[in-house]
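Single-letter residue listing:
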Amino acid sequence: MSLPGSCCGTRSAMEHASPHPIMVFSVLLVWLVALPAWGDEPSAIQRGKAVLQAAGGCSCHTDDKRSGAFLAGGRPIKTPFGTVYSTNITPAPKTGIGTWSDTDFLKAMTQGVGPDGVHYFPVFPYTSFTRMTERDVQDLQAYLFSVPPVEHANKPTELRFPFSWRAGLVVWKWLNFQPGTLQPRPDQSAEWNRGAYLATALGHCVQCHTPRNLLGGLRAKMAYAGSADGPEGELAPNITPDEATGIGTWSVADIVWFLQTGFKPNGDDTQGLMSVVIENGFKHLPEEDLRAIAVYLRTLPPIRNKVVKKDK
Amino acid sequence: MTRVQRTMWGCLVVLVCLGFSLAVAQAQEDEAFIQYRQKVMASNGASMGAIGDILKNKLPYQGHILIHAQDIQRMSTAIPDAFKKESAAGETDAKPEIWKEWDKFTAAAEAMGKEAAELAQVAQSGNMEAIGAQVKKLGEACSNCHKPYRKPKEESYKNKP
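Just so you know, the protein sequences line up as chains S and G, in that order. Position 165 of the first sequence, counting from 1, maps to 164 under numbering that gives the first Met the number 0, and the rest follow consecutively. Position 118 of the second sequence, counting from 1, maps to 117 under numbering that gives the first Met the number 0, and the rest follow consecutively.
It should be emphasised that the hints constitute simulated quantities derived from the structure, not laboratory data. Among the hints, erroneous ones may be present.
[To be verified] Only pairs whose alpha carbons sit at most 27 Å apart, straight line, appear in this in silico DSS-like list of lysine-lysine:
id	chain 1	residue 1	chain 2	residue 2
1	S	93	S	64
2	G	146	S	77
3	S	308	G	99
On a predicted model such as this, the values are computed, not experimentally measured, just so you know.
The following block holds chain S by itself, in its conformation from the complex:
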């Protein structure tokens, strides 16, 4: 291709004493045009954003009902044990995580311990996030450190004694917490394993969709079978493949469509917290990731459990 003003064939650009401005401009232009194509390899920040979206947009950390800043915390999360306020995870230096080291962040996400050595209440679902790969944790950290820093002091928790007693968390963790990255199962397909990782390490579906025992631990035998007393007091439906009381009649395509649009097979839309995590998170995931989640969910043991709202 011959460029206006340049010589073609007779002399090469290298023979000029300095690069011809048109050549420089053209190279720059080609570089700028080609840049999106080179985006095949996403940056850590881009990968981190995808991690955040797979985790439901970390919506608990944004107080949307009171127009709180993105990820600046302050959202009141009602639990049967009292109310916990989500923390500021923007990179603000005074009240956010701006001064945290890589180790601080990794420990918080995968061991549920803060930089000051204090244990976190499991309202923060580190029992799921512990399954994340180290790279995903680092990428998420890169993304969080790229969002606008907003100073917003964390509100102390309003939990009833003895649930407010942090030392008790040591015992709670001993009973309920199995740290460690999720290991893929060699007897399952790559798609299933991807779905298992997305659902159990990032999406942490089990945390809302499972009833809890008196100590606030997940009732393992009722995993994904729904909870009348979910976070913020909302009812979380049974998402095991039970046909009568769960989503057994939903196909993989139904589940994918639901996660993309919030619309159920009967043409009705979902509301409440699920619509928030779809809006901020799941609907942004690539279709093959949503398929993987759907494939995984359909292999869960079906549990007959009709979840009804509690009389408030």
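With chain S held as given, fit chain G onto it using these hints.
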């Protein structure tokens, strides 16, 4: 008791009975209005569900998307009338905010009708990507009204033990 006092007691009993049967009649009338408006909304749900089926399962009915969009658009014009009668009590998921914020409610119905009309337009282009995007926008218009004005399904009166 004197005759006057007996008469007054008698009138009181009659009035109470009358009031009670009026209340019952009113509730039954409300029930009919509630059932009607539920059918109006269920029609929209069926149309949205049908569109969803076509897209998610790649059914050979792309030409039907126009029909369903037109159905939703037409039905949206019936929504304000269907909800005029104020009744948030009994077997309904309608929230009292509908009548407290009547202008906002009707505006939301109109906005939904606009998105449905837009989908009817886009559906004729055959551009599946554009159609998919507009379906999502229509879905958001449904949710924008449901969020403030309808109790979530999980909290519905239907979700009884």
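Hint check: residue 93 of chain S vs residue 64 of chain S, CA-CA at most 27 Å. Holds or violated?
Holds: residue 93 of chain S and residue 64 of chain S sit about 24 Å apart, inside 27 Å.
Is the hinted pair residue 146 of chain G and residue 77 of chain S satisfied, with a Cα-Cα distance of at most 27 Å?
20 Å, holds
Under the criterion that the straight-line Cα-Cα distance not exceed 27 Å, is the pair residue 308 of chain S, residue 99 of chain G satisfied?
26 Å, holds
Of the numbered hints stated above, none is contradicted by the structure.
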